[in-house]
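As given, the protein sequences belong to chains A and B, one line each in that order. Note that the first sequence covers residues 1 to 325 in my numbering. Note that the second sequence covers residues 1 to 320 in my numbering.
Check the hints yourself; a few may be wrong.
Some chain A residues near chain B, calculated using beta-carbon distances under 8 angstroms [unchecked claim]:
#1 S12
#2 V15
#3 F24
#4 A26
#5 Q63
#6 L106
#7 I110
#8 S143
#9 M148
#10 A163
#11 L180
#12 F260
#13 T279
#14 L295
#15 F298
#16 I299
Computed far set for chain A versus chain B, every beta-carbon distance over 12 angstroms [claimed, not checked]:
#17 R47
#18 T66
#19 A71
#20 F80
#21 S109
#22 P114
#23 R129
#24 S135
#25 P176
#26 F179
#27 G184
#28 E253
#29 L257
#30 Y282
#31 V290
#32 V296
Hints were generated in silico from the structure; no laboratory data involved. Think of the CB as a built atom: it goes at the ideal place given N, C-alpha and C, for glycine as much as any other residue.
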Amino acid sequence: MLTFVTQRLLQSVAVLFAVSIAVFLAVYAVGNPVDLLISPEATQAERAEMIARLGLDRPVWAQYLTFLGNALQGDLGTSFVHGQPALSLILSRIPATFELVVSALLLASIIGIPIGLWVGLNDGSLGARAVMTGSILGYSIPSFWKGMVLILVCAVWLNWLPASGRGDTVTVLGVPFSFLTVDGLRHMAMPVINLAIPNIALMIRLTAAGASESARMDYVKFARAKGVRDTRIVRRHILRNILIPIVTVLGVEFGSLIAFSTITETVFAWPGMGKLLITSIYQLDRPVVVAYVMLVTFIFVTVNLLVDFAYAALDPRVKLSERMS
Amino acid sequence: MTDTSQQLTGQQALGQQGVGEPVPQRRAPIGDTPQRRAMLKRLKRRPSVKGSLIALFLIVVIGLTLPFFAPQNPYDLTSFSVMDNRLAPGSESFEGTRFLLGTDQQGRDMLSAIFYGLRVSLLVGLVSTGLALVIGVCVGLVAAVMGGRIEAMLMRLVDFILGFPTILVALVMLAMIGRGVDKVILAIVVVQWANYARIMRSAALSERRREYVEAAFNLGYGKPRVMFRHIMPNSLNAVLVVATVQIASAITLEATLSFLGVGVPVTQPSLGLLVASGFDYLMSGDYWISLYPGIALLVLIFSLNLVGDRLRTALDPKRS
Chain A
1 MLTFVTQRLL QSVAVLFAVS IAVFLAVYAV GNPVDLLISP EATQAERAEM
51 IARLGLDRPV WAQYLTFLGN ALQGDLGTSF VHGQPALSLI LSRIPATFEL
101 VVSALLLASI IGIPIGLWVG LNDGSLGARA VMTGSILGYS IPSFWKGMVL
151 ILVCAVWLNW LPASGRGDTV TVLGVPFSFL TVDGLRHMAM PVINLAIPNI
201 ALMIRLTAAG ASESARMDYV KFARAKGVRD TRIVRRHILR NILIPIVTVL
251 GVEFGSLIAF STITETVFAW PGMGKLLITS IYQLDRPVVV AYVMLVTFIF
301 VTVNLLVDFA YAALDPRVKL SERMS
Chain B
1 MTDTSQQLTG QQALGQQGVG EPVPQRRAPI GDTPQRRAML KRLKRRPSVK
51 GSLIALFLIV VIGLTLPFFA PQNPYDLTSF SVMDNRLAPG SESFEGTRFL
101 LGTDQQGRDM LSAIFYGLRV SLLVGLVSTG LALVIGVCVG LVAAVMGGRI
151 EAMLMRLVDF ILGFPTILVA LVMLAMIGRG VDKVILAIVV VQWANYARIM
201 RSAALSERRR EYVEAAFNLG YGKPRVMFRH IMPNSLNAVL VVATVQIASA
251 ITLEATLSFL GVGVPVTQPS LGLLVASGFD YLMSGDYWIS LYPGIALLVL
301 IFSLNLVGDR LRTALDPKRS
């Protein structure tokens with residue numbers, strides 16, 4: 001176990017390292033960093049002074065080492081637009097994004113797992129086939145368009161829900177949250193549904209596949225022959241066995257939803273880190289883009305690492321030596 | 001792997017058409033057995049698949065022949081007038097032509113804009129999938145046949161790329177290199193090739209152990225020949241199923257990037273950009289600028305995903 005943990009840890013560090021090089025090259029080596037980092041209105045003297053101060057006259061590897069050194073100390077540059085450290089700017093947007101992502105995953109599990117179970121246990125019936133086809137539709141609808149249709153129907157036509165923003169927030173331990181106020185919940189409804197729909201489809205398909213497979217297993221047949229009640233079979237024998245892949249996928253989805261919430265946040269003007277990324281791209285605020293990529297990579301690598309450890313700990317069938325190769 | 005003396009005698013004795021090479025495996029197209037043909041025939045008769053195939057066929061035909069179909073050329077500034085801007089579906093223009101799906105903020109006919117946008121979306125989807133497929137298949141094959149260090153390095157790279165959400169990589173990449181049809185294609189290829197590489201490698205690894213591959217090597221055929229003429233045709237099945245779904249995801253990705261403003265340029269609007277251009281007018285109730293291009297996009301993506309899903313289930317060895 002210890003070798004597995006160290007090996008995975010080293011791998012994760014290597015990934016972060018590789019991403020830092022890629023991002024550094026993308027920003028500093030491709031194109032002219034002077035044009036990217038210094039305002040075009042600066043005078044010749046100001047430019048020269050900035051180049052010297054930013055160290056852009058030094059060789060690329062030396063610049064990278066400075067970048068890396070600063071990054072390790074939590075300094076990922078200063079936003080041109082806001083004049084604040086890029087990292088703290090993004091960190092201040094994290095609660096809004098996490099609020100959306102966690103709610104969407106919860107909603108996806110609450111709706112998706114029961115439906116998936118039903119589909120898996122009624123494999124081949126007309127209703128099950130209809131749900132499965134519907135789930136293809138669920139992940140086919142482009143997220144941004146789905147969000148706009150939601151706005152059109154619920155905000156413009158029916159006037160039920162507000163179309164943008166976070167609404168009233170309540171500050172808990174210095175962090176503002178929307179889900180504690182009625183107004184906040186009304187603002188959250190559409191973005192959360194929009195983010196959750198593809199994941200509901202995913203949960204349905206995943207649960208259905210697992211359920212129909214384990215329902216054919218001998219231990220289920222045996223339990224049934226023994227006279228165990230159906231609800232107990234489902235709960236104790238089927239659900240337990242398919243929960244491991246579901247938990248794994250939920251973990252991985254958490255990371256990818258942070259990236260995908262960029263689209264939802266843009267459509268619903270939700271002030272999270274994804275919206276900040278898009279705005280920064282428009283405003284050519286490179287340090288924020290760089291900081292976003294590094295931070296999201298970090299979150300991603302950490303979540304994947306935790307999922308792997310949890311998986312190894314939960315499932316005795318996972319042979320650690322096999323997973324490492 | 002191959003022995004020189006054997007190579008010479010093998011080539012001389014058997015000629016180019018080696019006997020040790022199972023003929024049907026090599027000449028026949030991908031896994032063409034009577035069972036499979038019957039399966040594909042049954043598949044085509046299913047209503048959902050039939051509907052999707054018809055929709056896809058129509059979309060491709062419209063994309064190819066659109067100058068005959070489209071009432072107007074949306075790229076030609078003289079063919080429309082700002083006087084007709086944001087007209088509701090079905091209303092008449094200043095000059096008396098009817099706009100079936102309304103007009104956008106510049107007075108362009110939405111139906112024509114959708115037809116032309118469909119062409120851009122299809123072009124990006126097909127070209128990027130094609131390029132990613134070729135690169136991925138080659139990398140997967142090389143990894144499977146070469147093995148060792150090369151394989152380990154290539155597959156590490158594949159894992160690295162697949163570890164990130166496609167949208168994030170493509171978005172950040174385009175933020176750095178700027179927008180444009182070619183750049184969007186590049187970004188999609190970068191995020192997609194690894195999918196094919198991974199699948200190709202695992203398919204090729206299982207083919208590699210088959211006797212006909214052993215035979216081909218023993219006949220003295222070089223690695224490239226065995227790779228591309230023996231292993232590849234026999235392991236394409238899995239790759240092609242993935243390709244159907246990947247075209248859909250390439251089109252979605254392009255639409256999303258264009259919606260976010262880092263995709264195709266305004267001069268070549270794809271469906272995603274058309275939807276985006278209607279976003280500002282949504283709150284005032286002018287729904288048609290965003291709604292109809294989105295429906296076209298949805299039909300395209302849903303049909304591809306549906307066909308892909310049915311194909312995958314049908315080819316799944318566990319089910320048959």
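Hint check: 8 angstroms Cβ-Cβ cutoff, A/A26 to chain B
holds (5 angstroms)
Holds or violated: is there a CB of chain B closer than 8 angstroms to the CB of A/S143?
With a closest approach of 7 angstroms, the A/S143 hint holds.
Please check whether A/S12 passes as an interface residue: C-beta within 8 angstroms of a C-beta belonging to chain B.
violated (10 angstroms)
12 angstroms cut-off, C-beta based - A/F179 kept clear of every residue in chain B
Non-interface label stands for A/F179: nearest chain B Cβ at 25 angstroms, farther than 12 angstroms.
Quick check on A/L106 please, does its C-beta sit within 8 angstroms of some C-beta on chain B?
Because about 20 angstroms separates A/L106 from the closest Cβ in chain B, which is outside the 8 angstroms limit, the hint is violated.
Looking at A/R47 again, its CB stays over 12 angstroms from all of chain B?
holds (22 angstroms)
Against chain B, with CB atoms and a cut of 8 angstroms, does the hint on A/F298 hold up?
violated (12 angstroms)
Distance rule for A/F80, whose beta carbon must clear each one in chain B by more than 12 angstroms:
The claim stands: A/F80 keeps its Cβ more than 12 angstroms from every Cβ of chain B (closest is about 14 angstroms).
Hold the hint about A/I110 up to the distance rule: shortest CB distance to chain B must be less than 8 angstroms.
Cβ of A/I110 sits 23 angstroms from chain B, so the hint is violated.
Nearest-CB test (12 angstroms) between chain B and A/E253
violated (10 angstroms)
Report holds if the minimum CB distance from A/S135 to chain B is greater than 12 angstroms, and violated otherwise.
violated (9 angstroms)
Per the CB criterion, is A/A163 less than 8 angstroms away from chain B?
Result: holds, 7 angstroms to nearest chain B Cβ.
Hints 1, 3, 5, 6, 7, 11, 13, 14, 15, 16, 23, 24, 28, 29, 30, 31, 32, counting from the list given before, are not met by this structure.
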